[in-house]
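Let the hints inform the model, and build the full structure from the sequences given.
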Amino acid sequence: GYTLLAITPGTNVFPVIFKKAPYGTFDFVPIGQIGSSTMAIASNPDRPWKNVQELIDYARAHPGQVSYACVALKAPQLGFLRWADKAGLEFKHVPVGNDAEAVEVALGGHVDIAMTSSVATIISHAKARKLNALMVFSEERDGNLPDTPTAIESGYPVVASPFTGIAGPKGLPQPVLDKLRSVFKQVINDPDFIKVMKRIGESIYPKFGDDFLDVWKNDFEGYSEIVKKMGMLQ
19 GYTLLAITPG TNVFPVIFKK APYGTFDFVP IGQIGSSTMA IASNPDRPWK NVQELIDYAR
79 AHPGQVSYAC VALKAPQLGF LRWADKAGLE FKHVPVGNDA EAVEVALGGH VDIAMTSSVA
139 TIISHAKARK LNALMVFSEE RDGNLPDTPT AIESGYPVVA SPFTGIAGPK GLPQPVLDKL
199 RSVFKQVIND PDFIKVMKRI GESIYPKFGD DFLDVWKNDF EGYSEIVKKM GMLQ
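Going from the sequence shown to the numbering used here is simple: count from 1 and add 18.
The hints are simulated quantities; they were obtained by calculation from the structure and are not laboratory data. Fair warning: there could be bad hints in the mix.
[As the list claims (entries may be wrong)] Label-pair distances were calculated between CB atoms; the ranges are:
hint, residue 1, residue 2, range
1, 45, 196, 18 to 28 Å
2, 79, 189, 49 to 59 Å
3, 158, 69, 35 to 45 Å
Positions of the beta carbon are idealized from the N, C-alpha and C atoms, including for glycine.
In structure tokens:
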């Protein structure tokens, strides 16, 4: 048999940040992307901005004063930094342990912005108007927050949506690879599987072969650039 790997952006981020990582981003062969979640930023409604453009204007006028909470050295922080860098903005990072903590400190007014790896953590708060959903990092607007613009719409295009996929070891025989991809296509189209993915806030975005590899490359190039620029290499 063959050992397969459940791959996420964290798999790509680790060798980008840590020089002594025991593997490289492209030491695997892509089988398929199953789905992805939508990263988002949200803020307490009491803050002086009501949309992402107002946030940009405020942050530009107050460099380094606007705080954002997210897990350090992972996809949410690196995605946010990529966007901030394109926009020429400087923010203050407040590290937390997970998305729930980021949302909690934003709800409590202890930070200005929560940067989360999935809109699932902010949907209920946004609908209750306890948080203001400002922007998502997907290619298109998220169906759960249809009125929230993308980073592309903000004028500073960054696509950084954490994906879930399957990879295998390099050198997989082509017949085996074809079989695995065929099986995963069947799973992705299963109504029960789709229902579960929606319930946990994951969107189904199937990609295979070179299309899935392009997702890796986009992450690798974007993360590598910001890690070097910010001096985060360890």
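A quick look at each hint next to the structure:
1. The given range of 18 to 28 Å is respected by residue 45 and residue 196, whose C-beta atoms sit roughly 21 Å from each other.
2. The hint said 49 to 59 Å for the Cβ distance between residue 79 and residue 189, and at roughly 54 Å that hint holds.
3. The given range of 35 to 45 Å is broken by residue 158 and residue 69, whose C-beta atoms sit roughly 18 Å from each other.
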